[in-house]
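Taken in sequence, the protein lines are chains D and R. Residues 1 to 204 in UniProt numbering are what the first sequence spells out, letter by letter. Residues 1 to 96 in UniProt numbering are what the second sequence spells out, letter by letter.
Among the hints, a few may not be true.
Among the chain R residues that face chain D by a calculated CB cut under 8 Å, a handful are [stated by the list, open to error]:
(1) Val15
(2) Gly18
(3) Ser21
(4) Ile40
(5) Leu45
(6) Val60
Quick caveat, the hints were computed from the structure, so don't treat them as lab data. C-beta: ideal position from N, C-alpha, C; glycine also.
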Amino acid sequence: MNQKHQEDLAHIRSMMERSSRFISLSGLSGVFAGLSALIGGLYVYQLFKANGIEYFGEQQITIPASLVNQLFYTGLIILAFAFLFGLTFTVRKSRKYDLPIWTSATKNMLFNLAVPLVTGGIFCLALLHHEIYGFIAPTTLIFYGLALVNAEKYTFSDIKYLGFCELVLGFISLFYIGYGLVFWIIGFGILHILYGLVMFKKYK
Amino acid sequence: MGIIDKLNKDFESRVRLGIMSVLMVNEWVDFTEMKNLLNITDGNLASHSSALEKSEYIEVKKEFVGKKPKTSYQVTPRGRAAFKEHLSYLEKLMKS
Chain D
1 MNQKHQEDLA HIRSMMERSS RFISLSGLSG VFAGLSALIG GLYVYQLFKA NGIEYFGEQQ
61 ITIPASLVNQ LFYTGLIILA FAFLFGLTFT VRKSRKYDLP IWTSATKNML FNLAVPLVTG
121 GIFCLALLHH EIYGFIAPTT LIFYGLALVN AEKYTFSDIK YLGFCELVLG FISLFYIGYG
181 LVFWIIGFGI LHILYGLVMF KKYK
Chain R
1 MGIIDKLNKD FESRVRLGIM SVLMVNEWVD FTEMKNLLNI TDGNLASHSS ALEKSEYIEV
61 KKEFVGKKPK TSYQVTPRGR AAFKEHLSYL EKLMKS
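Same shape as in the complex, but just chain D (with noise of 0.2 Å):
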């Protein structure tokens, strides 16, 4: 009898958890989308030195309007990396564990995420257009968190951990401007990593 109660009990638990947060997102795409991170961040590095700029020369650098698109480009590919990377391991483990990826569940979490991460790339897109290149890492650093905090509520409540990680190097690397992408590759590439590796351990 005791059994048959304890057993209702995990079951009202588990369906309350399924139905209302989206769990499918495995942590290996944390990993990926990091490493993604990683690799464009380096690459955006060789993209400076070959355009003859020093990153972290003494003097004030200019960016040419070619290497903007350049780098613009690259952003977009790095993104299209993470994105894809994140569905296939997220199908991957619904298909896995025999969990409905389109719930509300997901709807919720996606608008939520949305909200604020649309709001930062309108933004950034401002930031590009008037030329203020030094902003545009802490702000993708701010908004990106906030949109993790955000979304807390609709997924795996730790992401809420990584969103102050990156709301805080977000707040430090606006009074660092010139080190943007330094920021850049330890918010977006070792975090994710990190993160998808204590989140792959912790809910495998």
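For this one, chain D is given, so just place chain R on it according to the hints.
Just chain R now, kept in the frame of chain D:
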């Protein structure tokens, strides 16, 4: 009367427990989503949901989206209270 007798008979089945759990943390949930979440057949969900509707624990909304009929469920205040009570009895049983 012991605690076990107080347990709500309406919630004895796993499927009904599942339906109630899902509705406790979501607003309107439609038929297909509920079916997929609980991993049960159409007939199974239909019979259990109508039983819960009869006890006035859930509200059933039928509408047409284009030409397709769509059924959605929502928990009633009465259902919410009954389920909470059931939960607290279950928890008490675990402790004793």
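Here is what the structure says about each hint:
1. Hint on Val15/R is violated. Least Cβ distance to chain D is approximately 10 Å, over the 8 Å limit.
2. Taking 8 Å as the C-beta contact cut-off toward chain D, the hint placing Gly18/R at the interface holds, the least distance being around 5 Å.
3. Annotation: interface hint on Ser21/R holds; nearest CB of chain D at approximately 4 Å, less than 8 Å.
4. Of the supplied interface hints, the one on Ile40/R is violated, with its beta-carbon coming no nearer than about 12 Å to a beta-carbon of chain D, more than 8 Å.
5. This hint is violated: Leu45/R has a C-beta 13 Å from the nearest C-beta of chain D, more than the 8 Å allowed.
6. Hint on Val60/R is violated. Least Cβ distance to chain D is approximately 17 Å, over the 8 Å limit.
Hints 1, 4, 5, 6, counting from the list given before, are not met by this structure.
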